[in-house]
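J.: Take a look at the letters that make up each chain.
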Amino acid sequence: MNIELLSQYLVAGITYGTIYAIVAIGFNIIYNATGIINFAQGEFVMLGGMIAISLHTFMPLPAAILAAVLAAMIIGALIEIIFIRWLVSPSVLRMIIITIGISIFIREAALHIWGESVRALPYFTGSEITVFSIGNVHISPQVIWVTGIAAVIVALLTFFFNYTLLGRQMRACSSNRDAARLCGINAKNMVTLSFVLSAGIGALAGCVVSPITYVQYDSGTGLAIKGFTVAILGGLGNSTAAIAAGLVLGTLESFCVMVLPTAFKDVVSISVLLLILFIRPSGIFGSVEASRLKEF
Amino acid sequence: MKAFKFLAVLLFTCMVLAAPALAKDTIKIGAILAVTGPASFLGAPEAKTLEMVVEDINKKGGIKGKKIELIIKDSGASPEKALSFAKQLIEEDKVLAIIGPSTSGETMKIKSVAEEAKAILISCAAAEVIVNPVAKYVFKTPQMDKHAVIKIFEQMKSMKLAKAGVLSSNTGFGKAGKEQLEKLAAEYGIQVVANEVYDKASTDLTAEVTKVKAAGAEAIINWSIEPAQAIVIKNARQLGFKGPIFQSHGFGNIEYVKAAGEAAEGVIFPAGRLLVADTLPESHPQKAVLTKYKKEYEAKYKEEASTFGGHAYDAMIILKAAIEKAGSTDKEAVRNAIENLKGVVGTGGVFTFSAQDHNGLDINAFEMITVKKGKFELLASPAKKEDTTKKK
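Those sequence lines, one after another, are chains D and L. Numbering-wise, my numbering puts 169 at position 169 of the first sequence, and it's gapless, one number per residue. Numbering-wise, my numbering puts 211 at position 211 of the second sequence, and it's gapless, one number per residue.
If you're looking for bench data, these hints aren't it; they were derived computationally from the structure. Any given hint might turn out to be false.
Claimed, not checked - If you want the footprint, here are the derived chain D segments under chain L, 3+ residues with CB under 8 Å:
| id | region |
| --- | --- |
| 1 | 14-23 |
| 2 | 110-119 |
| 3 | 204-216 |
| 4 | 261-273 |
A virtual CB, placed ideally from N, CA and C, is assigned to each residue, including glycine.
Whole structure, please, built from the sequences with the hints as guidance.
T.: This is the structure in C-alpha cells:
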C-alpha cells in the first residue's frame with residue numbers, strides 16, 4: 001500500500017464527500033428557518049440538473065445554470081405558498097408528511113416531462129477524461145468545481161445567517177416562531193424565503209454534480225438520503241459542519257472500499273451514522289444544549 | 001366410479017375450452033414491464049415497442065382474424081409488484097401469455113407462478129437461470145449471459161489479455177453475470193484479479209476502480225444495467241486506466257455512450273445486431289427485420305431504438321408465429337407450437353426453440369461491438385472462426 005494509492009482513495013473520498021455535503025446544505029437552510037426536514041430537497045437537486053440540461057441545448061452553460069437555479073427558486077416558492085403557507089397549525093410532523101408528498105409529486109411530474117432517460121450536463125472545464133495529475137494521483141476538474149462551489153455557498157450562507165438582518169430573522173423564526181412574530185418578524189415570509197433559498201442551492205448542487213453523477217427523474221432520492229445522513233452527522237442547521245461531515249463520511253466510505261468488498265460501503269456509513277446518533281444525537285459538531293431546545 | 005371421474009374431467013375441460021370462445025373475440029396478452037424505476041430504460045422501450053407492434057398487427061387484421069388486446073402493467077422493476085401483476089393477469093384477465101418482466105430478478109420471482117398456473121411467460125430479461133433449468137411454460141428472448149461472457153473472454157484472449165478486474169452491480173443481472181464470469185474464467189485462461197460489487201444507485205465509483213487498477217487488472221469487465229456503467233468507464237479513464245474496458249450486453253443503449261462522452265471511446269461489448277443494423281450486409285438474414293423495426297420505432301417515438309425494445313419485439317413475433325402455427329389460442333397448443341418454432345428471424349437473432357432450449361439463440365446471436373466517435377460500430381473480430389467451431 002503506497003502513498004500514491006492512499007492519496008487516490010483520499011481523492012475518491014473527497015469526491016463522494018463534497019457531493020453529499022453540497023446536497024446536505026439545502027436541508028440545513030429549511031431546517032434553520034422552520035425546524036423541519038424538507039424531504040423534497042433531493043427533488044430540487046434533480047430539478048436543477050434537469051432544467052439546466054434542457055436549457056443548455058439552446059443557451060450557454062452559465063446562462064442555463066442561472067436560469068435553472070431561478071426556475072427552481074420559483075418552484076420552491078410556489079410549493080411553499082400552495083402547500084405550506086396556509087396551514088393554521090404547521091406542526092413538524094404535518095410539514096414533514098407534506099414534503100414527502102411533494103417529493104413524490106415532483107418525481108412523477110419529472111418522469112412525464114423528461115422521460116426515464118439518463119442525462120448529464122457537460123463537464124464545466126475539459127471533458128470526461130480530463131484530469132489533473134499529481135504524480136499518479138488523478139483528480140477530475142469537476143470535483144474541484146463541486147468543492148469550490150460548496151465552499152462559496154457555505155461562506156455566503158454563514159455571512160447571511162450571522163450578519164444580515166434577514167438571515168437573523170430567519171434564525172429567530174426557527175428558534176421560536178411566536179417570539180419572532182412578537183418582535184415583528186413576518187414568520188410566513190421567512191419560511192417562503194427558506195424554501196426559495198434551499199431550492200436554489202439544491203438546483204445549483206444538481207447542476208454541478210450532474211456531470212459526475214448523471215441525472216434521472218428519480219436520482220434525487222438517492223442523493224437526498226446521503227445528503228440527509230451528512231446533515232445529521234454534522235449537526236442539523238450547520239452548513240460548515242455539513243461540509244466537514246461530508247468529507248468524513250466520503251473518506252470513510254472510500255477507505256472502506258480499500259479494505260472491504262465494496263458491498264459493505266453503505267453498511268459502514270450507516271453504522272457510523274447510528275453510532276453518532278446514539279452517542280451524540282446532535283451530530284458531531286452540533287451543540288447539545290441547542291438541540292435540546294428544538295422540537296425535532 | 002372411474003368413468004364418472006373421467007366424465008367430470010371431460011365436462012370441466014369442455015367448460016374451460018368454451019370459456020374463451022364465449023368471451024370477446026380477442027387475444028388477450030399481458031405484459032409486465034419496468035416502464036418506470038431504475039430499469040426504466042429497459043421497460044420503457046419494451047412497452048413502446050409492444051404498443052407499436054400490436055397496433056401494427058391489429059391494423060393488418062390481427063392474428064387469424066382476431067385482434068390483440070394488450071394489457072401493460074408497470075412493475076417499476078419491483079419483483080413484488082411483478083408477482084401481484086402476474087397473478088392478476090393470470091387469474092382476473094385470463095391472458096393467453098405474459099410478455100416480460102424486464103429484469104431477471106422479477107422474472108425469477110414469477111417463474112414458479114407462471115409454471116403452476118400453466119401460463120406462457122416470455123421474459124425480456126437476460127439471466128440464464130430463467131430457462132436453465134427449463135420450465136415448461138417459461139421462455140425468454142434476450143441472448144444468454146453465458147454467451148456474452150464467452151464472447152468477452154475470447155476477445156480478451158485474442159488481445160492477449162489474461163488479468164481481468166470484474167465490477168458488477170448488486171442487481172439480479174449483475175449477480176448472474178458475475179457468476180458466469182467466475183465460472184468460465186478458468187476455462188479461458190483468464191485470471192480474475194479483482195471482483196467488486198457496487199450499489200446499483202452509485203453516483204461515483206472512483207474508489208472501486210482504484211482498487212481494481214491497483215490489483216493489476218489488464219482489462220476491466222463491468223456487468224450492470226444502470227447509469228453506473230457509464231460512471232465506471234468515466235472513472236476508469238480519469239484514473240488513467242489505459243487497458244480495454246468491456247461491458248455486458250446491457251450497454252446497448254446509445255444514451256450511455258452519450259452520458260460517458262469521450263470516456264466511452266473504445267469500450268467493447270457483446271450485443272445483438274440491432275445496434276449495427278445499418279452496417280450489416282444486405283444478405284444478412286436479420287437485415288430486413290432489423291432495419292424495419294429500427295425505422296418504424298425511430299419514426300414513431302423520435303428516439304433511437306435499443307436492443308431492449310427488440311427483446312419485446314421478438315417476444316411478440318414469436319407469440320404471433322406460434323399462434324399462427326397452432327391455429328388456435330389454446331394455451332397448450334400455443335406452448336407446444338413455440339417449442340417447435342424454427343428459424344424465426346427476430347432482432348436478437350434467429351430463434352430455433354426445442355424442448356430443451358427455451359431461449360432459441362446460440363452464441364452467433366452476439367456480435368462484438370465497439371464505440372467509435374460516439375457511435376456503435378462492429379469490432380473487427382478475429383475470434384469469429386473460433387465461434388463456429390465451438391458451436392459444433
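J.: Taking the hints in turn, state whether each one holds.
T.: Here is what the structure says about each hint:
no., hint, result
1, 14-23, "holds (count 3)"
2, 110-119, "holds (count 6)"
3, 204-216, "holds (count 5)"
4, 261-273, "holds (count 5)"
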